[in-house]
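Novice: Below, each chain spelled out in residue letters.
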Amino acid sequence: MGKISRFSIVLVSIALALWGLYPSIWWYFVATDEEQSYANMTRTTLAEELRQATETDVLEFQKLSYEDKNALAKDVLGKDQAYILDVAKRYRENYRDVEKPDSWTLEAIGRMFGGDEAGRELMRESLEDYKLEQILVYRSRKNSALRLGLDLNGGQSVMVRPNPDEFAAEVDELLAESNQGRQEIEGYLQNRIVASLQSRIDQFGLTEPEIYSYQDGRIEIVMPSQNKVAGQTDTGVVETLLQVKGSLEFHLVNEQETEKLSSYLNVNPLKSRELSETGELKDYKLPAGQVIRGYYEKDKYAMDRLRGYLVLESETLLDGENVTNARMDKDNVGQWEIGYNLNQDGAAKQQKIFTNNPGRLMAIVLDKRVLSYPRISDNAGSGGSYSGGRIKGRFSDREATNLVNVLNSGNLPVAMDIDSQRVVGATLGEESIRSGLIGIAIGLLAVVLFMVFYYRSAGFIADVALVLNLFFLIAILATMNSTLTLTGIAGIILTIGMSVDANVIIYERIKEELFSGKSRKAAIEVGFSRAFWTIIDANITTGIAAICLALFGNGGIRGFAITLAWGIVCSLFTVLFVARLIFDFNTDVLKCKKLAIMWRKISSGNNSQQSLGGV
Amino acid sequence: MTATKIIRFTKYNKLFFSLSVAVIFSLAVLTVLRGGFNFSIDFSSGVIFTVRADEGTDVRALSEKIGPLFDKPVQVQSLVDSALFNTKRYSLKLASEQGNIADFEKESRKKIEALDIVEIEGSDLVSPTQSAYLRWQTWVLTLSVLVLILLYIWYRFQLHYAIAAIVALLHDTLILVGVIGTFQLDFSGTTIAAVLTVIGYSLNDTIVVFDRIRENRMTMYTSNLQDIVDYSVTGTLSRTLITSLTTLLAVLSIYFFAYGSVQLFALELIIGVTVGTYSSIYIASALVLFFDMRIRRGKEGLVKSGSGAGAGRSSGLKSVSLKSSGQLGIVKKAESEPVKQSAEEIRLATEAKRRKREERRKKK
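Just so you know, the sequences run in chain order A and B. Per the numbering used here, residue 1 is the first one in the first sequence, and the count goes up by one each step. Per the numbering used here, residue 1001 is the first one in the second sequence, and the count goes up by one each step.
Read the hints as simulated data drawn from the structure, not as lab findings. Everything hinted at is true.
With the Cβ distance kept under 7 angstroms, some of the chain B side facing chain A (calculated, not the full set):
#: 1; residue: I1199
#: 2; residue: N1204
#: 3; residue: T1247
Restricting the straight-line Cα-Cα distance to at most 25 angstroms, the calculated cross-link-like pairs of lysine-lysine (DSS-like) are:
#: 4; chain 1: A; residue 1: K131; chain 2: A; residue 2: K74
#: 5; chain 1: B; residue 1: K1005; chain 2: A; residue 2: K518
#: 6; chain 1: A; residue 1: K260; chain 2: A; residue 2: K368
#: 7; chain 1: A; residue 1: K131; chain 2: A; residue 2: K89
#: 8; chain 1: A; residue 1: K601; chain 2: B; residue 2: K1005
#: 9; chain 1: B; residue 1: K1111; chain 2: B; residue 2: K1088
Here a beta-carbon is modelled for each residue, glycine too, at the ideal position from N, C-alpha and C.
Produce the entire structure from the sequences given, and follow the hints as far as they go.
Specialist: What follows is the structure in structure tokens.
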């Protein structure tokens, strides 16, 4: 291969590595605290935050319009509201029939969306979409950035597994009522547990917990530190997450009151912000035993969007404990319908509800949010069985899946046993990461200096290869979305020490060739080719150990092994390919005749010993 | 390199073998005397708390205050505080067989917090089920690494090289594990990672030497195996030492800048790298020599019984062996027989490979 094509390969790899590193660089060095917190939020909290932020922005915009409606938007809009202009321009782009204003004054923008109540809401929603798109970009960058492990970032992780006895009992129960094989049932139950945990995640405010499901049935829940400043971890979160009973409830809808409320809110739109946790609205009188709850729908980003308010009767008719199992089926016209099973207690309750309230709406409420309100059909209990039910409606695939997950999240089908748990305070994590970075720096410096000292200018080439090696290694780890732990850092430092080995093997060979009287070019040629298989053999065996560790090891050990394994691959590339290229470049282009690789002089007398053979 | 003195590594084979055996044996005895390994919760279930304490406290004070709170002994260790860490930290290890380990953790947390002398910063807990699983996993892991390595070296070299390498690895592992047992260092999942890394590392050294032995056997005009081994080890010596040095430099920096289990990991690597370097110089290559001699003697015996040709060979061997000066001079092309010996080996090996390849083709 020509030098130019080899050089281009090196350049392309560097470019690829930079591209892979970009999200990490952005996330750790560029992103503001606000951008980070938006990216970390659970979707539920995010939706709430966005709604409030855009409402405030719309109000601010209106205030400015009252002051001077002919002011140019770019002059008067503050830093936080400046994006309104962009949104307006984009809105114009998308809807060509909207007349383009001569100048972007506040009045022109306001008129474009429409001056009335609906126009304000349209403007708010446009702002919300705009912000959300940005945040989704932050999120995707965050997700493709190098993650910091628990020991560096602080937080809590638990490894749980379904209680084996309960799991077996549940499987037997399901087996009895279905015609599927045991293995399928086990897989189904496992998925249901994971889905149930997943749909509970949304309850946890500021930082989203991550859930990993393993082949052998174990489930890992990782909860990053909620509050960096205080250095405390909320140990209660995992407990809540693993509680058998969830917060799923069924309530009857009071349709009359709901209509009243919606006409009241149409007149006083901002009132809805004053809705309390207990479902009461300030200055609004509700009949006794009624509560107000928001109705939410999942949008295309899987975010809960508020769609309106319902008045519910506060008596809980059924709760999560009554629902034993929910699933989705296609009915005979190809529409999704959601079936659920109830336990004995639940069946008795449902029978009462259905016979007493035919034709009324029943709201399915999770965590104080109404997620669906199907109408109770007259013939629901046909066949005399109330041990379950069906929810029909024009569900899209997404909606149907969501509803099934919600119903199933009401209670975990089996209790979970905690296998291992880890809590790390954020301060401890911060000190660890700092000392880890210093460790990398010192280790690197020591090795780099040693190589230059011992091998002189050839040592410098080895150092270039070493630094590139680190760069590639970190880029690969970031691209693979792996998690950097303290042991991973140890792996990086070890890679620094071990990856110069390939250089050393080659250089010692080159030295021998120089002693036997070969020229620079020939010595490099022979040195590299003779050392090649030695290096491959030596690295493959280390690689075997590393790969086995990565496959069977747990947690921290896996992080270490992955780093080590990729360190080997990168060092092979940088030494055999990049360093070789630099040597060849110096020989052929810079016309170097000598090779400064050692302090000892080569005496000409040594030539006579060539006959010892090509050692 | 040719001007360098050849170091007679193999001359003291027996001495180094017995030294290693003695060291391994005494470490094993000491480990047993100290009551076996100090297994971490990874392998024997329980809870470890990481706590921070004021300047005034030390391990003893903490043990005296916290110890009485629990039925089982509490192990208090100082997480060596380096200049980089502002606060003094300790780890408290509580063994427990309790099935619901999370409850045990909560109770213990409350008890310790009630004392109000330390602040709990982190905790690790492992349930009995999980620790049993980890024990099983460790065996699978270690055995599969060893078997894979054996197969790879067998494929790339020959069986007796592979056996020599594995014996050297066992040697390193036993010494490392023996030191861990003798000094009652925590035996945890990280220890397994350290052992396997040392295996990989030590093997790296060993293979470089083996590679050189194999190469020199084909190119050197001598058949004295001892010379070839000595010559190969000397030739790769500077590489072995330099790589060990750079690795040690890196590992030392982990040792000084980490705490707790990672620091222990670095310490284990320091021991392992040192032992691994020693074993690839003195143990692995000496074993190859030992096996080679046995193989040759076996063959010679066969030849001898067939004809009288073997007699000449043994004298030929002597004639090219080195002078006591230890300097490998220009060795004249010796009697053709010894060369044939190695050439024949190569021929046999290639033939065997060819036959294998043919067999594979037939199968297809």
